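S.K.: Each chain is listed here by its residues.
2 protein chains.
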Amino acid sequence: MAKELKELTSRSVSYSQWYQDLVIKADLAENSAVRGCMVIKPYGYAIWEKMQRYLDDMFKETGHSNAYFPLFIPKSYLSREAEHVEGFAKECAVVTHYRLKNAPDGSGVVVDPQAKLDEELIVRPTSETIIWSTYKNWIQSHRDLPILCNQWANVVRWEMRTRLFLRTAEFLWQEGHTAHATKEEAEEETKRMLEVYATFAEEYMAMPVVRGVKSASERFAGALDTYTIEGLMQDGKALQCGTSHFLGQNFAKAFNVTFADKDGEQKYVWATSWGVSTRLMGALIMSHSDDNGLVLPPKLAPYQVVIVPIYKSEEQRTAITEKVEGLMAELKALGISVKYDNNDAKKPGWKFSEYELKGVPVRLAIGARDLENGTVEIARRDTLSKETMPLEGIARHIEALLKDIQSNIYNKALKYREEHTITVDSYDEFKEKIEEGGFILAHWDGTPETEALVKEETKATIRCIPLAGDKTPGKCMVTGKPSACRVLFARAY
Amino acid sequence: MAKELKELTSRSVSYSQWYQDLVIKADLAENSAVRGCMVIKPYGYAIWEKMQRYLDDMFKETGHSNAYFPLFIPKSYLSREAEHVEGFAKECAVVTHYRLKNAPDGSGVVVDPQAKLDEELIVRPTSETIIWSTYKNWIQSHRDLPILCNQWANVVRWEMRTRLFLRTAEFLWQEGHTAHATKEEAEEETKRMLEVYATFAEEYMAMPVVRGVKSASERFAGALDTYTIEGLMQDGKALQCGTSHFLGQNFAKAFNVTFADKDGEQKYVWATSWGVSTRLMGALIMSHSDDNGLVLPPKLAPYQVVIVPIYKSEEQRTAITEKVEGLMAELKALGISVKYDNNDAKKPGWKFSEYELKGVPVRLAIGARDLENGTVEIARRDTLSKETMPLEGIARHIEALLKDIQSNIYNKALKYREEHTITVDSYDEFKEKIEEGGFILAHWDGTPETEALVKEETKATIRCIPLAGDKTPGKCMVTGKPSACRVLFARAY
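Here the protein sequences line up with chains A and B, keeping their order.
Okay, so the first sequence: first residue is 525 according to our numbering, each after it adds one.
Okay, so the second sequence: first residue is 525 according to our numbering, each after it adds one.
Calculated directly from the structure, the hints in this document are not laboratory data.
Hints may be right or wrong, so weigh each one.
Which copy is meant is left open, because identical chains are indistinguishable; a pair holds if it fits in one copy or across any two.
As the list claims (entries may be wrong) - Taking lysine-lysine and the DSS-like style, the derived pairs with C-alpha atoms no more than 27 angstroms apart in a straight line are: (1) Lys836 / Lys847; (2) Lys574 / Lys856; (3) Lys836 / Lys786; (4) Lys640 / Lys625; (5) Lys875 / Lys660; (6) Lys549 / Lys584; (7) Lys863 / Lys910; (8) Lys786 / Lys549.
A quick note: this is a predicted structure, and the numbers were derived from the prediction, not measured.
Can you make the complete structure from the sequences, with help from the hints?
M.R.: Here you go:
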């Protein structure tokens, strides 16, 4: 039964069912009693905490401070920025009352009609409006700029079709909101934070990403430019992993935020915002995992090494435990996190598949014979290979191995992406190739009409106009009109 | 004008105005456009982050893991536990709709009446109900126990009279929720977490607290026992700083959470919950600060040392900066956080009062003469004393000084509390002494009637029945009936 519990639908049978199985069975998250809202379980949250910690360090290194703004946004605030309200005010959680009272029939509690709010409050779907209404009071002079704030928070968007981590009504994220005296500074900040996200994705998540700019129709509602990092999942679909927006003066104008510049003139403030969310958990899972379960990059694994003792008597168990304690101290001294699972109620085989399912990068097994021989069995999760090695010096070996696993996972994902990124010149070929999944670089005439046509006919969207890569002009694959450069198409989550 | 901006109402004139001034002027927090919701500003949030980090470490050391549960609670869930709904379901934010639409007259957006929820959702005021509905699926056998989860989250209670940090509609907190096989284990956990809070308050916040049990009428709604730590503020009022609840089997019964015990029997699970919130920020401020501003314990200060250069020429400034860089590296190597404020737009005097206002524990000033003499002026915030010292060896001196400040602040607060804790035997004396503020230890007959009478007549409440201290029985100061031991009375926030 234990085995069955852990068995995942194979990716080749149904990628989406595999994903769902994995999230549940690896104890990452589950659906809650509240429609569209997930429970992030301790093992999943431990990964998210590591993501938070590293990202937070990177934000602080680039000069940002954390702050906290209200959960609620007065309804009228959303209407201040015309595009923003179109994008965000529609599917949202609306607070209309502030009190319940006992039901007259004694059947529990009901909304008290006397306690109706004068103005409805929206549970924040994103915080530009409440933050810019606040910044108005913080900014008088150029000396008050820049403001470089970040907030770790929950947000709510009333999604109809939800999927754990990828699309949920409530999710956790960080949202940076910065205010600048000049356009150039704000644009620099937008790009700097995109690079922070890309670095985090590649160096910590071991996930290669394409850095690019969104087409107008894929922009954040209220932005002049949206920069994005796009990952390619194992099923050939793209996933937008993080965005950084150059907001121009749109929100400053909507909330009348001006400053006295050095030249004495009153000017509108320039803005950026940028965010990544628990969606990154989905990206992490879909970038590396396999039919046996999660594959975690060592830098984000809640524990990097698990040690399983194999014994037939209490004496053996005690002897192994003694040996293991020394090894654990050595590993911890090297900054390696380790779990010793000497739970007597589970068999080693059960544990092996459990930790495979949970993606622990390195597994050690030590039995009575190992004690005699001074050896240990070491298995790596990414390649599923194992070997017996001398216990002597194993800590240093593991330290190097973890680095190797981190880069191996990255290289594997990069290879996959390279093999699934193609260049196409005709729309017919595009329509054929898009069925195979992957990224397609093709020429586009730059019009929303052509973009919409391609989306309608092929379900592929322009993921971004890549910042790096081939900038040779050409002809749009659909209309034959001039194209400045190839853009990146894919079907996406 | 700068001076004026920083001037606080004196504590002797109005303690509450002093508090309000200080929170605003030291850039800790401010009121937002949303009724009762605050904005926590970067400097205030940096202190909260330190609190979070240390508390989180302590939770993990005691075996807890973080997780995340939904923001929303179905209305019917709140009614499952009879006392709980009385305590929490009344003043709360109620989500009734999930969509807005364009107003027919083009004046913005309005609630879409078509998008009414079948069941209203309550923004969590606390999460026992949603968490126990989740635990039901996690617990089958005694092997699944204990569950030791904590969540860092925002909660909303629709308070009518709010005060920054002390009482706000939305606040940030952590809530631990644990599930156990036996009553004894759950009671142990309740006490363990109280001790974690007390240790944190005393060792990090430098705030002495009384550990105790609440009287029945002051219990958490749904708890069998509520343990509390109570601090005494400088105005003689008590502040409840953290609570740990033994919930018995109340929530397990409400959500039908049972487990197969070792003896094969199905039993209800035992529960605890415990929390501290951004209210601790208020406690921190009111425990130590003075008419010049904040006084922060070094362990929680966003930066522990500030260095102000005093120069008359660019040359002097450069020379000082060079010297300071070496010192900063030394300080950082000792794990001391330091800020160098060489902002040319502000005068040293302005900076001195700014950092006094912000409670930076140690301030260094270095001028041209100091460079010649190899000296530095060092000022400590807690005593407002300063002296000139050799620059050589100053880093080690500062390291020791920070420890001294931490304990000095604690001792000062402890002395204040000791001087303001009295023992009273007659109700007449009680009524007289309560006007002076402070803690009063008095005998009480254990009835809610007497407790209510004292509260009505004197505005004093029973803060707790102290765990330590005099356990000699006596006679109730009001009724003369037998009393098991003295209890702690005070007027409270």
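S.K.: Hint by hint, say whether it matches the structure.
M.R.: Results of checking the hints against the structure:
1. In this assembly of identical chains, the alpha carbons of Lys836 and Lys847 lie at most 27 angstroms apart only when taken from the same copy (16 angstroms versus 65 angstroms across copies).
2. Proximity of Lys574 and Lys856 under a CA criterion of 27 angstroms is satisfied in both settings, with 17 angstroms inside one chain copy and 24 angstroms between copies.
3. For the homomeric pair Lys836 and Lys786, the shortest alpha-carbon distance between copies (24 angstroms) is at most 27 angstroms, but the shortest distance inside one copy (79 angstroms) is not.
4. Taking identical chains as interchangeable, the C-alpha atoms of Lys640 and Lys625 lie at most 27 angstroms apart whether they share a chain (13 angstroms) or sit on different chains (19 angstroms).
5. Taking the shortest alpha-carbon separations for Lys875 and Lys660, only the inter-copy value of 25 angstroms comes in at or below 27 angstroms, while the best intra-copy value is 56 angstroms.
6. With identical chains, the CA atoms of Lys549 and Lys584 are at most 27 angstroms apart between copies only, with a shortest distance of 24 angstroms across copies and 35 angstroms within one.
7. When the C-alpha separation of Lys863 and Lys910 is checked against a cutoff of 27 angstroms, the pair qualifies only within one copy, where the shortest distance is 19 angstroms, while the shortest distance between copies is 50 angstroms.
8. Taking the shortest alpha-carbon separations for Lys786 and Lys549, only the inter-copy value of 25 angstroms comes in at or below 27 angstroms, while the best intra-copy value is 59 angstroms.
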